[in-house]
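Student: For this one, chain A is given, so just place chains B and C on it according to the hints.
Residue numbers (our numbering), protein chains in the order written: chain A, 1 to 314; chain B, 1001 to 1300; chain C, 2001 to 2428.
Hint data in this document are derived by calculation from the structure and do not stem from the laboratory.
A quick note: this is a predicted structure, and the numbers were derived from the prediction, not measured.
Built from N, CA and C at the ideal position, the CB exists for glycine as well.
A few of these clues could be false.
Said to hold, decoys possible - For the chain C half of the interface with chain A, some residues (derived, Cβ under 8 angstroms), not all of them: (1) T2063; (2) I2064; (3) A2076; (4) A2079.
Claimed, not checked - Covered by chain C, per the in silico footprint, the following chain A stretches (three or more residues, Cβ under 8 angstroms): (5) 238 to 248; (6) 261 to 267.
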Amino acid sequence: MTSETITSDVVVSPQHTRGIIKSRGVGALSGRVLVWIVLTVFGILSVVPMIWLVLAPSKTAQQLNNNPPFSFGSFAQYGVTWSNLLSQNNGVILNWMANSVIYTASIVLISCVTAVLAGYALAATALPFKRVLLIITLVAMIIPPVALVVPLFVEISAIGLYDNPISVILTSSFYPFGVFLAYIYFSNSIPVELYEAAKVDGAGEFATFFRIALPLSRGLFGMLAFFSFSAAWVNYFLPYVLLQTQQNFNLSVGLGFLFTSSPALNPQNGAQQSLIGRPEIALASLFLAIPVLIVFIASSRLLVRGVLAGAVKS
Amino acid sequence: MARSRTTRRSLIAGSIMFAPYLILLALFGVWPIVQAVLVSFQPTVVNPAGGLQNFADVVVDARFVPALLNVIVFLAMYVPAMLIVVSLMSLLLDTVQGRWNLPLRLSYIVPASMTGATAVLIWYFMLEPSLSPYQGALHALGITQGNQIWRQGGLAWIFVAMAFFVGAGNWIVVQYGSLQSISDDILEAARIDGANAWQIGLRIKLPLIRKYLVYMGILVFAAGLQVFIEPQLISGSVYTGIARDWSLNQLSYDLAFQNNNLAGSAALSLMLLVVCIVAAIIVIFRTDFFEGTGVAKHDK
Amino acid sequence: MKRLAVALVAVMALGVALAGCSSGGTSASGKPSILIWVDTPRIPQATEYQKEMKGKVDVKIETIAQADAQTKIALANRAKKGWPDVIFGTAADTAVFRDPSNGYAADLTKLVPKKIFDGFGEGNSDCLFDGKYYCLKNDLANTVLWYNTKIFKELGLTVPTTMQEFADTAMKLQGTGYSAGAYGDQLYYAAFLQSSECPLAQLTAPNTVRIAPSDPKCTRVAKLIQPLLDAGVIDKRSPFDAGFIKDVAAQDKVAMTIGPSWWGDFVIRPAASWNVPAGEIAAANMPAWGSGNDNKSGAYGGGVFTVSSHAKFPQAAADAAVWMTTSDWMATAATTPTFPAYGPANKLWEARISKDPYYANNVYTAMAAGANNISQVDRPVRFPFVAQFGPTLAADIVNGKSLTTALDDYAKSLQNLAPQTGYKVITK
Chain A
1 MTSETITSDV VVSPQHTRGI IKSRGVGALS GRVLVWIVLT VFGILSVVPM
51 IWLVLAPSKT AQQLNNNPPF SFGSFAQYGV TWSNLLSQNN GVILNWMANS
101 VIYTASIVLI SCVTAVLAGY ALAATALPFK RVLLIITLVA MIIPPVALVV
151 PLFVEISAIG LYDNPISVIL TSSFYPFGVF LAYIYFSNSI PVELYEAAKV
201 DGAGEFATFF RIALPLSRGL FGMLAFFSFS AAWVNYFLPY VLLQTQQNFN
251 LSVGLGFLFT SSPALNPQNG AQQSLIGRPE IALASLFLAI PVLIVFIASS
301 RLLVRGVLAG AVKS
Chain B
1001 MARSRTTRRS LIAGSIMFAP YLILLALFGV WPIVQAVLVS FQPTVVNPAG
1051 GLQNFADVVV DARFVPALLN VIVFLAMYVP AMLIVVSLMS LLLDTVQGRW
1101 NLPLRLSYIV PASMTGATAV LIWYFMLEPS LSPYQGALHA LGITQGNQIW
1151 RQGGLAWIFV AMAFFVGAGN WIVVQYGSLQ SISDDILEAA RIDGANAWQI
1201 GLRIKLPLIR KYLVYMGILV FAAGLQVFIE PQLISGSVYT GIARDWSLNQ
1251 LSYDLAFQNN NLAGSAALSL MLLVVCIVAA IIVIFRTDFF EGTGVAKHDK
Chain C
2001 MKRLAVALVA VMALGVALAG CSSGGTSASG KPSILIWVDT PRIPQATEYQ
2051 KEMKGKVDVK IETIAQADAQ TKIALANRAK KGWPDVIFGT AADTAVFRDP
2101 SNGYAADLTK LVPKKIFDGF GEGNSDCLFD GKYYCLKNDL ANTVLWYNTK
2151 IFKELGLTVP TTMQEFADTA MKLQGTGYSA GAYGDQLYYA AFLQSSECPL
2201 AQLTAPNTVR IAPSDPKCTR VAKLIQPLLD AGVIDKRSPF DAGFIKDVAA
2251 QDKVAMTIGP SWWGDFVIRP AASWNVPAGE IAAANMPAWG SGNDNKSGAY
2301 GGGVFTVSSH AKFPQAAADA AVWMTTSDWM ATAATTPTFP AYGPANKLWE
2351 ARISKDPYYA NNVYTAMAAG ANNISQVDRP VRFPFVAQFG PTLAADIVNG
2401 KSLTTALDDY AKSLQNLAPQ TGYKVITK
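Looking at chain A on its own, in the form it has when it is part of the complex (with noise of 0.2 angstroms):
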């Protein structure tokens, strides 16, 4: 469920062309057909609840009940969802949207600098314990987040940050994984001979990671950042326990509060009392899909052809 999910040799292939597979035959070409269909409805299943989603918000709440799933209601009611969206808490959604863009811009950068720094440490220099750390950093990469979040919560309230988004962006900023893919490509895409030469010349650790190994790092902090985005963006359990005043909200918890104190799921939230119905949930949903929907389709390509292709071409 997370989405640090991408392996070691992806990063590093180079894309491949694979010719199609000849058909042979009536036996063959029915496999063909059976094979687009499969795909074709798999497709079709993954992009349905988009749909549905970019048309609820044009709905009213009767219209959404009582119309065909697929309808068109119009586009005055956009607006009109949006207006009733605002009118929750003096519009707190334009807080959340802020601080969703706040807190993932500032977990991906503390992130992605980190893990880049730590993954030339373990690939390039005389760091003392590689193998310890490196284990350990392997072991919290496969524990998933979610886990420590009680022990977590302890800790921050120890610490005085609990309900203080600095909490949110600390700990989502720890970031393994991210050292990891750093550590895999700057030990095996680029060649040692780069770094042995820049040191020979005489340059230092930090003048051989800025003048060498940085400018070549383009793709691999495409990649870096691209996941931890991922991550960041829909981030919900540890903000949901971390932090108490809705103002601080990042939009992730803000739609799952609205959803639980809303009548638009539960009638017994009281209809007549509050704007948010389903298509106010639907449209603050869309705000939290399209941004991780646009980052996921620009980093498609990025995705198969790999952190090495990126980084020679640039």
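Tutor: Leaving out everything else, chains B and C in the frame of chain A:
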């Protein structure tokens, strides 16, 4: 002499570069675990003496076994479903190079943008027979009422569906990427030997990306073990409290913040953590996934 | 080690230039500032209070999901900060908050004028713990019999006054397509178990609770209601279930249902809910289980306002709780669907609802008759009495298990949870 000075300078520089991450690792990776161990032995309402008894208390809590069973059923469906579908789809995708490959991949990652509350909202609509676009399919399955699905026995299926759709697309794209790293020579050789597409897929490609699939399986397992958001959110919706304490992580959360039993919560967190760490150690030392990364002693 | 951690985090925090402002405390002008947490239905009255106090007290409002109240306070207790000054919740929440292990709830006995408590009469009894008041009751949510006069006339039915008559009347609906209500949620407890005085949270001593599902007052409920469920004249779904609303309630097919006093304006009437046309719905007294005193009502909801013992401005916070529960504005607003617990406010509310042309009779009469006759057997307790309805009682009913099994599962879960909050449990 000059060499050792260089090494010392490199050591210092490396340490400085590693330090920011090390601080985060110590504060948010190691220290919480140390703290959880300390807290887990503290006295509780039911066990004023504290100590190891806290772990036993959690296990005999009436909510523990049902939650454990829920999570086991969830994992038993979720992990194989991911492995099978992701392998199959990435293999199929690999056979259709050309202009339609990219649009297909893009469509598969669309659901990954709909996590948490969004997923719960969407699945509520997809599975409520009076509102669903799949009304016909639901009716064909004999489901005419929402409560036929939104019930104890059906919840595991629903959470599997939610988690599956959020995760599968990304993994398909990633494993498709793994397939691209297979050398063309191997595939060409197989083709010359007269292997058909199925045989190449199952006998050649699949074994070659096996280690990535194992790695994925472990990550998916570790994440699934900690399932929390979906059952927690659905409990705050129409079916109030339906999935209360459904998963072990929810129980841990409730122990801490409903029952005022932080020690029990820490104990449960640690038990889950141990399972994850064991899984991590298996993947690091018992599979070939991290071969050549400097982890194993025999690596250079 | 901890100090080291503090220092390290502080250093890192400096690097991240971010203004994380926390709430509460004195505002710049020096006037009191309070933070109020309410659920969505209480937003209008909180907003009005904010308006009225402008220039005197800075009132901040945040919405919460009612089910999260205890968790959120527990989080704040752990962090030793972030408490709201006033919180809306249930009396059971207050039972937790006033416990020394929690300590959030302030004793209101001195902060609130005696004439206010007098005005509540018996209405505030849920807030009385060991002789002290720890909250103020917003509304009374006693159950009454809601019935549809049009359907009753069409079928020639008479309004039941006892539970036996309720069952007999319900059986007459068989085959007509009409329903006697849906009970697959907390309502089954409030309408039947609680009114029958089935002991599920009976405090026999301060920290001793009796949870006895085999008591005759419990078993008689399943005996009477199970046949209705089997015959399909009452629905096993939740009254809020989308399918039930679409197929039954919004088709104007509910002939009668037991439901709390707030249901008329909140569930039965709104277009987005049951959408029952005007002029059809009436309320009658809660059907009695037996004779004499065996005529209690149940309660579904009935919120309270609790004040924080950590409040910087305790008086301002207590005043807010008083206004929220007693003000004329709250009593007369169209957005108040609930039966005010405070006597004088209740009178104003009566003036509005009794003349409401939507209803076919004066629904206030039945509400008032049951308001001071709510069963006092089950008391607010520290274990999650209400939250456990969802995964056990309600889930079992919805899943078609027998009512006896549903009750046993629920009672067993309480028997397991009660000791964890320091209660001794009696099961007989």
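Student: State for each hint whether it applies.
Tutor: Each hint, compared with the structure:
1. T2063: OK, holds: T2063 of chain C within 8 angstroms of chain A, min 5 angstroms.
2. I2064: 6 angstroms, holds
3. A2076: 6 angstroms, holds
4. A2079: 4 angstroms, holds
5. 238 to 248: holds (count 6)
6. 261 to 267: With 5 residues in contact (Cβ-Cβ under 8 angstroms with chain C), the coverage given for the stretch 261 to 267 of chain A holds.
Going through the hint list in order, the structure satisfies each hint without exception.
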